[in-house]
Amino acid sequence: MQPGAQVPGAPGQPPAGVPQGAPGMSPAGPVGAPAGASVSATLTPAESGTPAPSGHLYETKLTGNYFIDKFKQGGPVMWPILMVSLVALTVVIERIFWWGGRWFRRDPKRIEKVFTAIEVGDVAEASRLSRDSRDPVLRMMWNGLNHQHASLQGALQVAAGIEIKRAGRFLVVMDTLVTLAPLLGLLGTVTGLIRAFGALGNEEVAVVAVTGGIAEALIATACGLGIAIFSLIPFNFFTSRVSNLEFELQTAATNLEVMLEAQSKEHREVAIGGQTPSSSKGSSI
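Okay, so the sequence shown: first residue is 12 according to our numbering, each after it adds one.
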């Protein structure tokens, strides 16, 4: 071997005379790595074994449907709010159909005929006219005419109470929904704020969690108030209709009592007048 010649190194080792860690050499590098490549000593969170917090736990997957997305963003309180809205819609539709039928069942001309027959003293004709009617006023009058010998006032009160109860059906349910819906919205507001403030300690997901919690609070509140407003307007309308029907029943019952009392008084006067001549003849004898 000549002096100054470089001795080749072993396979996988740098040639003799080249210092360890010289530029361009990577003795610790992986096989096949290009020259100049180096291994970073900084470990990622996944390599270090510490899981990095992610915001997917606080995010809501969107479906593209506006209503479904808002429903999911509203949180778990949206399920009872949905049930309340379905019940309110069902009750409102049922009452609309009932009062629509009540409007077509009205028969004011027939009521006038009944009063005319009572005024002329034909109670049997008045009872016949009011029989098998779908008008609540005529049904009450028929019940009173058929029980006038027992208790006219009691029969009228019972019949009027039955009609008012039919007209006021489900009003208690609507009153409950008007009060319950905003309370559910308020509950959603509280749960949304709890969710928002509960994630403030984690800076990496704080923005997503706070915005999601505030969205949950606002959506639940808006839905609760919307259901309450939707139920309040028909509730007040149906309540006023029940009051009007009650007034009609009371007016018809009072007129019927007055007219029948006048008829009975007239009959008594006629009977007393027919007995007076006979009594005078007996006294003269």
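Just to be clear, a hint being listed does not mean it is correct.
[Claimed, not checked] Below are the DSBU-like pairs computed for lysine-lysine, each with C-alpha atoms no more than 35 angstroms apart in a straight line:
1) Lys81 - Lys120
2) Lys276 - Lys176
3) Lys276 - Lys124
4) Lys124 - Lys176
5) Lys120 - Lys276
Calculated from the structure, these hints are not laboratory results.
Below or equal to 35 angstroms on CA atoms is what counts here, so check lysine 124 against lysine 176. holds, 27 angstroms
Pair hint lysine 81 and lysine 120, alpha-carbon separation not exceeding 35 angstroms: Violated - the C-alpha atoms of lysine 120 and lysine 81 are around 54 angstroms apart, more than 35 angstroms.
For the pair we were handed, lysine 120 and lysine 276, check the Cα-Cα distance against 35 angstroms. holds, 27 angstroms
For the pair supplied as a hint, lysine 276 and lysine 176, confirm whether the alpha-carbon distance does not exceed 35 angstroms. holds, 34 angstroms
Has the given pair, lysine 276 with lysine 124, been kept, meaning a C-alpha gap of at most 35 angstroms? holds, 22 angstroms
Hint compliance for this structure: hint 1 is the single one not met.
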